[in-house]
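Asker: Assemble chain B onto chain A, guided by the hints.
Listed below are the residues making up each chain.
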Amino acid sequence: MRRGYTLVEVLMALVILGLLAVPLGYVLTTTGEGSARARLQDQSLTLAQEAWSISRSTDPDSLRDTSWDRDISGARWRIVRDVFDSADRAAAGLAWIQRAATLQPPVEISACALRARGEEWDTVKCFRWLRPRMRILQ
Amino acid sequence: MKFRSGSAMPMVLFGMALAILIATVGWSRAWSRRTTSAHLSLAWQSRLLAESATACALQDAVARQKQAKSDSTATDTTRKVKTISVRDTTDAVCAFNGPSPGSMSWDPPAGTQLLSVLARGEVTESGRPLSTELRSTWGGAPPPDPFSPALSLWDRNAGTPQLRGKVRGTVRLRVDGPAPASFEAQPSGGISQFVPSSLGSDTAAAQARMAAAFRGEGAHLGGDRFSPAYPPPTRDSLVYTVGDVVFEGPLAGDPWTPEGSRTLFVEGRVEFRGRIKLNGWRIYAKGPVVVQDEAALRSADIFSMGGVQLADRASVSGQILSKGSFLLSGRASLVAPAFAAVWPGKGADTIPRIELRDRTSAQAYLVVLGGAAEISLGPGVDFRGVAVTGGILRVDGILHGIGIAGRVDCGQGGANCSAGTFDRPSLPADFAFPLGLPGNLGLRLVSWETAR
Numbered sequence: 001m002r003r004g005y006t007l008v009e010v011l012m013a014l015v016i017l018g019l020l021a022v023p024l025g026y027v028l029t030t031t032g033e034g035s036a037r038a039r040l041q042d043q044s045l046t047l048a049q050e051a052w053s054i055s056r057s058t059d060p061d062s063l064r065d066t067s068w069d070r071d072i073s074g075a076r077w078r079i080v081r082d083v084f085d086s087a088d089r090a091a092a093g094l095a096w097i098q099r100a101a102t103l104q105p106p107v108e109i110s111a112c113a114l115r116a117r118g119e120e121w122d123t124v125k126c127f128r129w130l131r132p133r134m135r136i137l138q
Numbered sequence: 139m140k141f142r143s144g145s146a147m148p149m150v151l152f153g154m155a156l157a158i159l160i161a162t163v164g165w166s167r168a169w170s171r172r173t174t175s176a177h178l179s180l181a182w183q184s185r186l187l188a189e190s191a192t193a194c195a196l197q198d199a200v201a202r203q204k205q206a207k208s209d210s211t212a213t214d215t216t217r218k219v220k221t222i223s224v225r226d227t228t229d230a231v232c233a234f235n236g237p238s239p240g241s242m243s244w245d246p247p248a249g250t251q252l253l254s255v256l257a258r259g260e261v262t263e264s265g266r267p268l269s270t271e272l273r274s275t276w277g278g279a280p281p282p283d284p285f286s287p288a289l290s291l292w293d294r295n296a297g298t299p300q301l302r303g304k305v306r307g308t309v310r311l312r313v314d315g316p317a318p319a320s321f322e323a324q325p326s327g328g329i330s331q332f333v334p335s336s337l338g339s340d341t342a343a344a345q346a347r348m349a350a351a352f353r354g355e356g357a358h359l360g361g362d363r364f365s366p367a368y369p370p371p372t373r374d375s376l377v378y379t380v381g382d383v384v385f386e387g388p389l390a391g392d393p394w395t396p397e398g399s400r401t402l403f404v405e406g407r408v409e410f411r412g413r414i415k416l417n418g419w420r421i422y423a424k425g426p427v428v429v430q431d432e433a434a435l436r437s438a439d440i441f442s443m444g445g446v447q448l449a450d451r452a453s454v455s456g457q458i459l460s461k462g463s464f465l466l467s468g469r470a471s472l473v474a475p476a477f478a479a480v481w482p483g484k485g486a487d488t489i490p491r492i493e494l495r496d497r498t499s500a501q502a503y504l505v506v507l508g509g510a511a512e513i514s515l516g517p518g519v520d521f522r523g524v525a526v527t528g529g530i531l532r533v534d535g536i537l538h539g540i541g542i543a544g545r546v547d548c549g550q551g552g553a554n555c556s557a558g559t560f561d562r563p564s565l566p567a568d569f570a571f572p573l574g575l576p577g578n579l580g581l582r583l584v585s586w587e588t589a590r
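So the sequence lines, in the order shown, correspond to chains A and B. Here this note's numbering is used: the first residue of the first sequence is 1, the next is one more, and so on. Here this note's numbering is used: the first residue of the second sequence is 139, the next is one more, and so on.
One chain only, chain A, in its complex shape (with noise of 0.2 Å):
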């Protein structure tokens, strides 16, 4: 009884090994940003729904433009939070405001979540909602 590989053997694993190497290293590098980029959809998502509840709890004519950081497990995010109202809306020539002297348009908001990289910040996501303007009791 003789131990071990013949030559032959050996080659062939070799070249099975080389032929599901590279679609391997694609699928594990794949999977790997796979789950990187949807934990931070998750993340912005969870800062987004922050600033939609701060924003929610603010009286609508003291809403101003804004932003404020946070640390999600070592990494730095930043929460940027823009409001429109009539004013600019007017100011960018919308032929509807012409009407809104009655009508008090909701405030328009839009917050941003976005992640430091390095010195820059990279926007992951961006929300848009509109208020109303108008006074509800909670």
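None of these hints come from the bench; they were simulated from the model. Just so you know, not all the hints are guaranteed correct.
[Claimed, not checked] Derived CB-CB ranges, DEER-like:
1. G398/B <-> D59/A: 57 to 65 Å
2. R353/B <-> T46/A: 28 to 36 Å
3. T123/A <-> E587/B: 31 to 39 Å
4. D59/A <-> P388/B: 26 to 34 Å
5. T123/A <-> A357/B: 25 to 33 Å
6. T174/B <-> I54/A: 22 to 30 Å
7. D42/A <-> E587/B: 25 to 33 Å
8. T46/A <-> T262/B: 22 to 30 Å
[As the list claims (entries may be wrong)] Away from chain B, derived, C-beta distances all over 10 Å, residues of chain A:
9. D42
10. A48
11. Q49
12. S57
13. T58
14. S62
15. W68
16. G74
17. R76
18. R115
19. A116
20. T123
21. K125
22. R131
23. I136
Values in this document were obtained by computation on a predicted structure and should not be read as measured data. All C-beta atoms in this analysis are idealised placements derived from N, C-alpha and C, irrespective of residue type, glycine included.
Answerer: Just chain B, lined up with the frame of chain A:
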């Protein structure tokens, strides 16, 4: 015979298979997580769009408010505050300033005393629309003081009322001199402070809308009878002149739930029977509107010139405006949020009334206009809310909430015809008051429902 025990190929293949399995599982998990994350993000955007549409609908409705004239019966000038009174029109404008992440749409709010809003937000996911629907109802927030007593009475002629029923809470009495010891004096105001000032414009707008619909080209001569086998057309507005319209669901099994809401104009009688569920329908009828069996109408807006009846196990939520009468019998229920108002019909012998009989229940704000008006709650009735009548309030069951009446004398020898219980502490804090009340402090979200 020579054989080897260390062939490499099976081991290599096994190793490869294992690696592929691990990679596939990892890829699959990452892929599904990516999909889930993307879906959550889009679902949130879609919900924000639906909320934005709700904002537009509300803003549009309230932008049409007009400041009511100050209450002429009020003597206390500090009480003169704005009234939100929404006119019944459907003009709407609203849009995003920046690039829209999807589309939003809303139906013009139904009702004017309780605003019922149906709003939608839609984004596209992998070429398919992802839509969120928000249905909300909004009421008013009146100042608490006028609504703090269990019972407010304006009966000048009856002297000190001899209340036979039990009262938990205070009784406020409008008297010329000082109030008796067991009663609070009514400081100012009349019944009008409990009646939405926009009722008159509501009824006028509804009648104008009916007249226009019956004259319109889309009017169908004669009535119709709808069932699961013969569903109503999908048009937004259905108009029937002269005839009656019947909706008949099955008597057993799953209820019939026609999709979408419609505005129904009927010159005759309207009837809902069997097991049927309708959401957000607006019904304008010259004849009576009857809801019976197990018919359920939610966020409905009913206007009738011939009276409204709920019978058997039928239930309705929303706004009901009726000429003549509004009757509940059997085990019918008026489900919160609900507002019902009745005004006098023609003829001296027509008494405007709201009557709850048998084992009916209601969570609502009820108003009956006219000095001869009557609200009657039978012995087995469970009522929670506010009952306002310019005439008699007859409580033989339990009124959890607030009673406001012009008279307590039934004219049959009794100083008081209410033998039931007035239980003020039971009124929920977030009870749906109508928007059009004098002194309304703002909008209050009464109910909120999400569907995807």
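Asker: It remains to establish, for every hint, whether it holds in the given structure.
Answerer: Consistency of the hints with the structure:
1. G398/B <-> D59/A: 57 to 65 Å: 36 Å, violated
2. R353/B <-> T46/A: 28 to 36 Å: 56 Å, violated
3. T123/A <-> E587/B: 31 to 39 Å: 34 Å, holds
4. D59/A <-> P388/B: 26 to 34 Å: 50 Å, violated
5. T123/A <-> A357/B: 25 to 33 Å: Once the Cβ atoms are compared, 55 Å apart, the range 25 to 33 Å for A357/B and T123/A is violated.
6. T174/B <-> I54/A: 22 to 30 Å: Holds, at about 26 Å.
7. D42/A <-> E587/B: 25 to 33 Å: 27 Å, holds
8. T46/A <-> T262/B: 22 to 30 Å: Once the Cβ atoms are compared, 23 Å apart, the range 22 to 30 Å for T262/B and T46/A holds.
9. D42: 5 Å, violated
10. A48: Violated, because the least Cβ-Cβ distance between A48/A and chain B comes to about 7 Å, which does not exceed 10 Å.
11. Q49: At about 7 Å from chain B, Q49/A fails to clear the 10 Å cut-off, so the statement is violated.
12. S57: Consistent with the label, S57/A stays out of reach of chain B, its closest Cβ about 14 Å off (over 10 Å).
13. T58: At about 14 Å from chain B, T58/A clears the 10 Å cut-off, so the statement holds.
14. S62: 16 Å, holds
15. W68: Per Cβ check, W68/A is outside 10 Å of chain B; nearest 20 Å; holds.
16. G74: Label holds. Min Cβ-Cβ 20 Å, cutoff 10 Å.
17. R76: 20 Å, holds
18. R115: 15 Å, holds
19. A116: Consistent with the label, A116/A stays out of reach of chain B, its closest Cβ about 20 Å off (over 10 Å).
20. T123: About 14 Å separates T123/A from the closest Cβ of chain B, which puts it past 10 Å; holds.
21. K125: 7 Å, violated
22. R131: For R131/A, whose nearest Cβ neighbour in chain B is about 6 Å away, the distance does not exceed 10 Å, so it is violated.
23. I136: Its Cβ does come within 10 Å of chain B, the nearest being 5 Å, so this is violated.
The structure fails hints 1, 2, 4, 5, 9, 10, 11, 21, 22 and 23 (numbered hints given earlier, in ascending order).
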